[in-house]
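Student: Spelled out, the chains give:
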Amino acid sequence: MARGHPLRTAEINERMNSVIELDQLSVRLGNREILKGLTGSLQARTIGLLGPNGAGKSTLINTLLGFYPPANGTARIFGHDIRTGRNAIRSVVGYMPENDCFIGNMSAVTFVRYMAELSGLPPEQALERAHEALFYVGLGEARYRKVGTYSLGMKQMAKLAQAVVHGPKLVILDEPTNGLDPPARLRMLKLIQEMKASGTMHIILCSHLLRDVEETCEEVMILKQGRVVHISNLEEERRLNKRFLELETFGSQNGFLDAARGLGCECADLGNGRIKMVLGDGVDVRNIYQLAAERNLQLRRLSNRRDSLEDIFLRAMEN
Amino acid sequence: MAVYKRSYKSYAGPMTAEWSRFWIIPRFAWAGLFKQRLLTILYVICFFYPLGAALVIYFNSNMSFLRQYVPVPDKLLDIGNSFFFAFTTVQSGLGFILTALIGPGLISPDLMNNALPLYFCRPLSRTGYVVGKMTVIAALLSLITWIPGLMLFGLQASLADQAWWNANAYLAGSIFFSSLLWIMVISVMALALSAWVKWKVVAGGLMLVVMFVGAALGEMVREIARSDMGRYLDLGYNMARVWSSMFRIVEDTGSITLEESIAVVLAYSAVCVLLLMKKVRAFEVVR
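Respectively, the protein sequence lines represent chains B and A. Just so you know, the numbering used here puts 190 at position 190 of the first sequence, and the rest follows in order with no gaps. Counting the second sequence from 1 gives a position; the numbering used here is that position plus 319.
Since the hints were made in silico from the structure, they are not lab data. Check each hint, because a few of them may be wrong.
[To be verified] Just some of the chain B residues that point at chain A, by a computed CB distance under 8 Å:
(1) 101
(2) 114
(3) 115
(4) 189
(5) 193
(6) 194
(7) 195
(8) 201
[Stated by the list, open to error] In silico lysine-lysine, BS3-like type, Cα no more than 25 Å apart, as pairs:
(9) B:242 <-> B:276
(10) B:146 <-> A:354
(11) B:36 <-> B:224
(12) B:155 <-> A:517
(13) B:190 <-> A:328
(14) A:519 <-> B:146
(15) A:597 <-> A:519
Source: prediction; values computed, not measured. Ideal Cβ placement from N, Cα and C applies to all residues, glycine included.
So that you can see chain A by itself, here it is in the shape it has in the complex (with noise of 0.2 Å):
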């Protein structure tokens, strides 16, 4: 390459949309996160069951072609709320162990490097840059939960008759909802303990302490002053009792009800978010 002197020159050419710079943020982690072989192979993976859950829900609806080949009943199994409720279940532990990996690594190197006055000179508010590293994680997320969900959904309501929509419709909003409550709450979790614990396998491993441990937590509580009480503490109980609702599960759900549970969620969040606020800022004030 040839060598020559270059002097500095301003720029005068076009700029993009102030509302769309949140996005840069995360174009880049994405393209760093992809080049971890894991991490790829994880995520593929997330896809497996989405999969299989297709073949189901067609097969189920033509059976007759499988009896071509092999003695089978009429149908495999019933496709309605507990099917989707599994599906959302499992792919969302999946999106958790995802978080769980990604998420810790999106704030701490920023931290560690000092890099957030960098951010924060630019026209980008704290709001725009937590928004940009939850978009990290709601998008790889969405594409593993609501969004293959809302497609079973809607192949299901399209092979099946009249009937299963009018009793089932209310699950595209039990899917999408559901879905996006879970990626809400574990996406400020692991970006709360990304900005308060430098080293990632530590946040990672804080996520599975606050998730387990606090059901563990809440399980001895039980036992030992043999109250609901405990169950405050197991953010996955709470959740799971709020999943139930959305999907007219009917469980034995003890004292505990559904407001409560949902206010349990919704305190988790905010006290997450309340650490986040207070990490991501340009300079830490000394007092």
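Chain B extracted, bound-state conformation (with noise of 0.2 Å):
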């Protein structure tokens, strides 16, 4: 077998593992420049997009989809470039715009099946298919109604299975609980779990909605005026939270922070028996406790620092 060169075959395999691969891309619409040299490398399972009203989300899911044409840059999408490769991203698409977009005077089914049939299922394929996509989403029984007589959250749901219909390697839900009420929203994100565990499908989530984006994905994106500002890794910061604490103690320490050390934890002391510690591996909080015992060392407070969402984005805004 050939052997390509060490850097190439690196970015090669980066490119493959990306989902989504932006390189400087900037967007115009008109005179104005809504997206402006985005560039990063998205790869988890799913992935929200973040920003407030006019951050250039929808811009971007529209671009990605080759809707509008990008102005400079390119971006990748499973490796395949969107100026050259827009009908192979196409063919590993789900989409579920924002706004209503249905037929109104065909059925759910017969609507689902022709969005099947235009990702390119055979007849018989696309009419089970959309029968199993309804039921998925729950309009198992309304299937036979004319969409245009759906409710919003009923609209949504539709929307949602023909995003799904032909089951694609990714799906972009663009505000997917936009007009859900309380139990609506829950069952949309609950779907978007298991869409999620199914391990086949990646699903980007475009929403202003921190919670929703905090509940289902893994890494996130987040856009100010047409730029990144930032990209982190939601599950790696979880995982880096729970070794994360907070102490706070009363008394004599009497080498607490040196046996600590020495099982292999960072710690940092902030005065007035505030500590600051990164637990070693192979150290859980007993250990911690332990320690303190053996000291004498009352601890009044130990929590796991945890970062939220919501603190990632106000960061976001401010830089």
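Each of the two chains sits in its own frame; use the hints to bring them together as a complex.
Tutor: This is the structure:
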């Protein structure tokens, strides 16, 4: 087997692993530059796209789908360039738009079947999958009703059904919980988590609702005024948060810090009995309690410092 | 029906060829169209004239059969360019009415319900979408224009002698190309109006306006300015001029040349295509 240049091979591997790779992507609509040189790589199974209104989230999605041409730079989805591989991208992507999108004079099952056939499924399989998708999103009993007569929540579910009916590798959900009442919102988030758990699909969730993104996503990209201001792996952050401790002690420390360091923990004495600590490998909180008890040190407070998505988002907005 | 939990399953079955997918659009459109009784009745009526014409051609070549029952001359009528020109004109007129009924409902519902992003996020181009929608009209109109026209031509050719064939062989091309031109022009016009006018009735009415008001305006300009320039506005006139030439019918055509008529027809079509492609987008860009 021929061996490629190591750097080039690494680059290719990274591209193959990336769900989305942005490479100096700029988009102009009219005279306005909406996206300004976006660069970054997203690899997780569920990716959140966050940003305040007008940050360019929907424009980015529309550009990835080939609706808007890039003015500069490019982007790749599963290694397919959006400039040259539009059809290849569209074959593996499902899209649930933000606004009401449907064909009003069709029953839900005909509508979803139609969309499945346009995605490339043969008629019989498309019909079968349409029924399955509608049952999956909870519209099984209403599948012969015209989509135009559906409530807002039902229309959202029908949009989700058409987005997943052809079994895409990547589903782009643009504000999927918009206009949903609390039970419907929970159901939508549960469906997203189920799809993620299926292990066959990547999901991009575009939302301004931090809680929705926090509950479902492993990685997040935050946009502000058409620029990427933060990319963060939430799973990694959650893992790190679990290893991070903030302690408030009372009394003499009696070498407590040294003993903790001896176990492999990183410690910082903040004064007034306050300590920050990153637990070493194989060390858990029980060991810390034990060390404190051996030294008659009172632990008045012990907490995992948790950077919530809100903290991350606010920090990104301040920057 | 048993209710049980369904979980998400990916799809790993066969896929259809990408080029064949434009055909899905007309298939679903026809299924919806022929649920309308009025349209179905009109479409059946469109076959009466070809059927009558077939009988005329048959009896015209078999007068001895008729003579057994009624006294008739040797020939009913002369089957030639005028016969097929009349056939094409009548069938094209019916096709126009049919298009005014079905055309406006093809794109406007997709635009009203913002359905275009759902089409274009799939491996379907804007051209594929427009071709698919055009096929809805073109296939229906082909079945009542050039297909029966060529069948009648074949019937006449099989019944007539070699001399008729030698003199009229060009008519096959005339029937095919004149019908095709008409189908193209009124299809893009109907789709453009459907894309720009949301109400189906208004869009259908506008088709009549473009055709007949254009003619009326053209006549007004002719009378007032005493110039044939007004006829540039009259799509029907220019189309008839092109057809006459194709069928080698000699007519008093005024000062408008054939080339000018062709240019007018092409200009109308080009404007319609431009209007159509401007509107058929996943999202409109607000500048």
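Student: For every hint, state whether the structure bears it out.
Tutor: Hints and how they fare:
1. 101: Holds: closest Cβ of chain A sits about 5 Å from residue 101 (chain B), inside 8 Å.
2. 114: holds (5 Å)
3. 115: Result: holds, 6 Å to nearest chain A Cβ.
4. 189: For residue 189 (chain B), the interface hint is violated, since the closest Cβ of chain A sits about 14 Å away, which is over 8 Å.
5. 193: violated (11 Å)
6. 194: holds (6 Å)
7. 195: Since the shortest Cβ distance to chain A is 5 Å, the answer is holds.
8. 201: The hint holds - residue 201 (chain B) has a Cβ within 8 Å of chain A, the shortest such distance being about 7 Å.
9. B:242 <-> B:276: Cα-Cα ~13 Å, so holds.
10. B:146 <-> A:354: At roughly 15 Å apart (the allowed maximum being 25 Å), residue 354 (chain A) and residue 146 (chain B) satisfy the hint.
11. B:36 <-> B:224: The hint holds at about 10 Å.
12. B:155 <-> A:517: Holds, at roughly 22 Å.
13. B:190 <-> A:328: holds (15 Å)
14. A:519 <-> B:146: holds (19 Å)
15. A:597 <-> A:519: holds (19 Å)
In this structure, the earlier hints numbered 4 and 5 are contradicted, and the remaining ones agree with it.
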